[in-house]
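2 protein chains.
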Amino acid sequence: MKTILILGLLLFTAGSVASSIIEGEDGYRLWLKYDLVSNKKLQQAYTRQVADFYVSGESGTMQIIRDELNYALRGLLSQAKQVAESEASLVVVSGSKAATIARSHNLDLDAVGNEGYLVQQLVSGDTSQIVVLANSDVGALYGTYRLLRQIQTHQSLDEIAISSKPDIDLRVLNHWDNLDRHVERGYAGESIWDWHKLPEYRYQRYIDYARANASIGINGTVLNNVNADPLILTPHYLEKVKALADLFRPYGIKVFLSVKFSSPQLIGGLATSDPLNEEVKQWWNAKAAEIYQEIPDFGGFLVKANSEGQPGPGDFGRTHAQGANMLAQALKPHGGTVMWRAFVYANEKNEERSKQAYSEFKPLDGQFEENVLVQVKNGPIDFQPREPFSPLFGAMPKTPLMMEFQVTMEYLGFSTHFVYLGPMYEEVLKADTFARGEGSTVAKVVDGSLFDNRISGMAGVANIGTDRNWTGHIILQSNWYVLGRMAWDPQVSAETVANDWVRMTLSNETKVVLTVSDMMMRSHEITVNTMTPLGLHHIMGAGHHFGPAPWVDFLGRADWNSVYYHRADKQGIGFDRSPSGVNAVEQYFSPLREQLADPATTPEKYLLWFHHLPWDYEIASSGRTLWSELVHRYYQGADDVKTLEQQWDALEGHIDPLQFHQVQMAMDIHVKEALWWRNACVLYFQQFSGMPIPDGLPKPEKSLAEYQKMSFPHAPGQG
Amino acid sequence: MKTILILGLLLFTAGSVASSIIEGEDGYRLWLKYDLVSNKKLQQAYTRQVADFYVSGESGTMQIIRDELNYALRGLLSQAKQVAESEASLVVVSGSKAATIARSHNLDLDAVGNEGYLVQQLVSGDTSQIVVLANSDVGALYGTYRLLRQIQTHQSLDEIAISSKPDIDLRVLNHWDNLDRHVERGYAGESIWDWHKLPEYRYQRYIDYARANASIGINGTVLNNVNADPLILTPHYLEKVKALADLFRPYGIKVFLSVKFSSPQLIGGLATSDPLNEEVKQWWNAKAAEIYQEIPDFGGFLVKANSEGQPGPGDFGRTHAQGANMLAQALKPHGGTVMWRAFVYANEKNEERSKQAYSEFKPLDGQFEENVLVQVKNGPIDFQPREPFSPLFGAMPKTPLMMEFQVTMEYLGFSTHFVYLGPMYEEVLKADTFARGEGSTVAKVVDGSLFDNRISGMAGVANIGTDRNWTGHIILQSNWYVLGRMAWDPQVSAETVANDWVRMTLSNETKVVLTVSDMMMRSHEITVNTMTPLGLHHIMGAGHHFGPAPWVDFLGRADWNSVYYHRADKQGIGFDRSPSGVNAVEQYFSPLREQLADPATTPEKYLLWFHHLPWDYEIASSGRTLWSELVHRYYQGADDVKTLEQQWDALEGHIDPLQFHQVQMAMDIHVKEALWWRNACVLYFQQFSGMPIPDGLPKPEKSLAEYQKMSFPHAPGQG
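First to last, the protein sequences are chains P and S.
First residue of the first sequence: 557, per the numbering used here; consecutive thereafter.
First residue of the second sequence: 557, per the numbering used here; consecutive thereafter.
Possibly wrong hints are sitting among the right ones.
In silico lysine-lysine, DSS-like type, Cα no more than 27 Å apart, as pairs [said to hold, decoys possible]:
#1 S:K1228 x P:K798
#2 P:K798 x S:K1265
#3 S:K798 x P:K1258
#4 P:K1228 x S:K798
#5 S:K1198 x P:K798
#6 S:K1258 x P:K798
#7 P:K1198 x S:K798
Hints were generated in silico from the structure; no laboratory data involved.
All chains, please: the whole structure from these sequences, using the hints.
Structure, rendered in structure tokens:
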């Protein structure tokens, strides 16, 4: 259901923004917006090169390739024609037939593996042909999207010669979607899974979801919340899961489920869920068999266990490895995988929260079954605007560690802030763990190359909902997009991806590409400054995590409170995780460990993460006191958001009016909330520093008490 | 954001259903689907008659008329041109200028009042012109939509001479939408009001909602649930309410709010909410003034008080009139209205539930302030698939009684059943109360003509949500549509409206119009048969109200249980509300009272509503026993749903593929659930009748125990 194409273009030029009826691109089409290539010369070249196409094979996947090419080329070139192979300028082919073509042209098809592809111009004599070759049908689908991206971004197809394969095996979205359609930490409407109407009612949106994922190489989806409802494993729901799995299969997407560890008790009628109990094992074995009977390519289970109140093997005196292995054994005969989360922290543990996952999991290295991945959040706490990488990366050489990034903006402005996460993902992936000396990046841990792991994975907690534009904010579509791109290729630069995304989603016009890419590349750092500069973290509103609330000190667990994390007092601010404090730095390898132990060598962006420093501590980069620098960062952040707004406003008339308008409205909110963060945080911390707001900076409009009184019981996305 | 128009048509003819990408009409445009008039001759005539248009005046409303005509005619005729008044073939004008034109052509513009309009062909000499004339700008907007309907339904404009005005003053949607976007009894996604992003973020959908409502004459919207959250009256939310009111104002739509009666205590810090307390009065006066400061045309309050746990004046020993009047006095200086619901029943009352509203409200007739309407559900219980009209209609001559219809399908299959409510609304409105002798129809009570009330109103509990097609099911859009049409004109026939709706929403092709209108007109009766034939009621699932559950007997209040209502036992079935029983019939006027007191003269559709009858009671129309008739009705209902499905299937290729596909999927569910109702109810009641399922009817697939075991904890729309 792309929205109006031809009419939309007419209106665009007619400048219909002033009308009460704004038509145009509403964002539903995402980056698969196949509008006519405006450059006539390019359009003609593309038409010559690909408009007459042939897709070989009759599988569901090959039929989808045919549909996609027909739909896309009709839009991009205003013509598309399926022709005989001999007449085709573009040929898409997989399997042994592709291998034959590859051999006869000396192309290395083996190198791209099962999911990769070649997109290649073949010249023989006067005639030239573009081929998409792959070993599997899904590889051919990926290659087709790659070819289309080339056209969507107005790149030449002349002498095209692309060889690509994913560096990571499992490229997965995690939906924290409840069975009543509430999305925990969702800010874009409710769950796109309409459980009540499944299995009969299958929205076109399900297909478009699969198309979008396949176009960026995502090959797995966990349908339900990690805080799992055991009912998902009952026949009533499995029938619905099967309907989705059937729809997604030809797009190369496997369905996974989050399971509640105590399911044997809750829906199985057993007295225990002890993973070493024979009855429990049998129950899971039978449940796995029941699932695979209906869904032969079922992906497996994602488990949150013994974390934030969820049941787990610890309830029965067993380790995470024992719990994970029981499930792994149930899935193994069917080829399924367990993704076991390392996000655990417990009140009863007498250890600082950032250290607990490492302490709990590192000793288990080597104990997991081979079809278990341990899924680790990027940072040691919980998806803060910025965190150093989790010290688990590099610390478990015998265990495949799956990266868990958050795509949804739980701590980064929900769906109203302009924040591109590419630079944040890149910062984490390029970080050096030093696990096997310099160059032991997180990316190499995750893609399995550092320790030669048998399997690898990357997950993103989805930001998708029923909002027409999927993510509640056009720009936030880019975070779904970059998650997929970086899961395929953890080395790709955030900037390259931003560039592609802008061209595919907004416009190929240079002014738009340059401006929006620039905004995107700066946006994460800006937002860190507006919320948690200099390594501050976890000072947001309680429960809903909306807005600033560094004053939170009333929650039941110490490590749920803001004051636990910023530790502001008359002396200074920050969490001493150096050897003089809780010594979290010991969990990192040398020389990083030593670097982080000393404020002087700690990167400023992590300064208050690792150190409690006096208010008059001198910040090296600016020469300011810590207090002054903190205040300046908050003010700079808010000013920079204002600049983002101005940059956007200058694009009016260059971007589809409906896209433009949507982002413009969200920018109003971003500007407002950046000021709110600035004012509330500066006033709050001033109580401790006792220092004035530096000269020249405007005073906050309200009093601290007024900010503290603000209440948002209905903020979206609550757990 | 209409979806693809030109491309959509191309694809339609290309038969794209088989593709994985189904394009076309997704239902978002509702009945405002301005596709090209396919009949060339008609198109040419329309183009001559209206394509060159002039709209006089610069108000927001007149600008909207301009936008709508430009948008609509460009779609319908593929041309539209704003020209000078002297050159215009169509002129839209309001106010004194319209009056002047009307006078000079001897047209009675006074007769159409403040909201009505004339659509008239004016001929002078050789030239002819079509004019839309109205006393107000909003009247002109209504007239414009009326003219467009004429074109959308392919009616001639030759010698057009329409004079129309609404018979009912307040034509209002009630949204049972919570501030967290959950919609109580909503089956079409979540609330379209995104409170979190308001006031800055204003979806195009808000405008399209206003357009749809204005096009059918709806002039009020209650934004929030009658089970009201007091926070709606805090400044944080009023700022958001104002944003919506500002958007809706030029469409003639006033915003109302549901208020919690105990707001003075809950958000005002007062010790009481007693309506006779001076501080309480002052609090409400100040609150009203605060609202009108920001929203000068604020509509007023809707109140659910002393009902199902909601607070009310009864908590302070006061009457409903005293409670309503306090609010009315607060609103009166500003021109606001109180809509006070009569849906009250209380556990502590020793009176049968269907009788309580009458008993409580009738004695209060004459005691309400003049800006109070008492809002009465159509039937005496609660929106059952079929109920007799509420005996309050006709019983309170001095009080304007506002009709409350349910548009959302709480008891009629959620959003998966094909049910047009027009015939049900019509049945109620045409029912004769005999309050002032024969012909004292409910319609005449509601429009105020029977008792010459100062004000009149009709409300519909909205079925609108964030689903792309607004109502979760294309066909259910017709219930929103018919609510508006019947609120404007309570005498219009359900069939006329069905016809218009099909033409505007689906197709003008005769086959489609005849088939779908026929399906719609039969659909309500069919669904009554599948669920609650012969006057049965309230036998649905507990809490969520999903599916059959005549066995419910475990709820905390007697009158929440199914067994309370059907009273099946070895002797027979049905609720004796005749004089030999609870004597609810005494609340009706003669001769209805006597008619309903006797099973022989009670219409069969209400038989078991008013009488407990033996299983072998002979049904007059069929000669069958009651048991046999009951079973036959259930079987007939399920069979008829199957027939509906076949009728729909036969339209493939005649309806836009995406619309067709959506309804087809929902029909699968409807067929399945009709069988479920049939089987569960027949098996359950058979326990009491001890009689066999008549020969020739297939046996239910499952056992009663299996049906009773089914559980749906996550069914949508729960309170």
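Structure-based check of each hint:
| no. | hint | verdict |
| --- | --- | --- |
| 1 | S:K1228 x P:K798 | holds, 18 Å |
| 2 | P:K798 x S:K1265 | holds, 23 Å |
| 3 | S:K798 x P:K1258 | holds, 23 Å |
| 4 | P:K1228 x S:K798 | holds, 18 Å |
| 5 | S:K1198 x P:K798 | holds, 25 Å |
| 6 | S:K1258 x P:K798 | holds, 23 Å |
| 7 | P:K1198 x S:K798 | holds, 25 Å |
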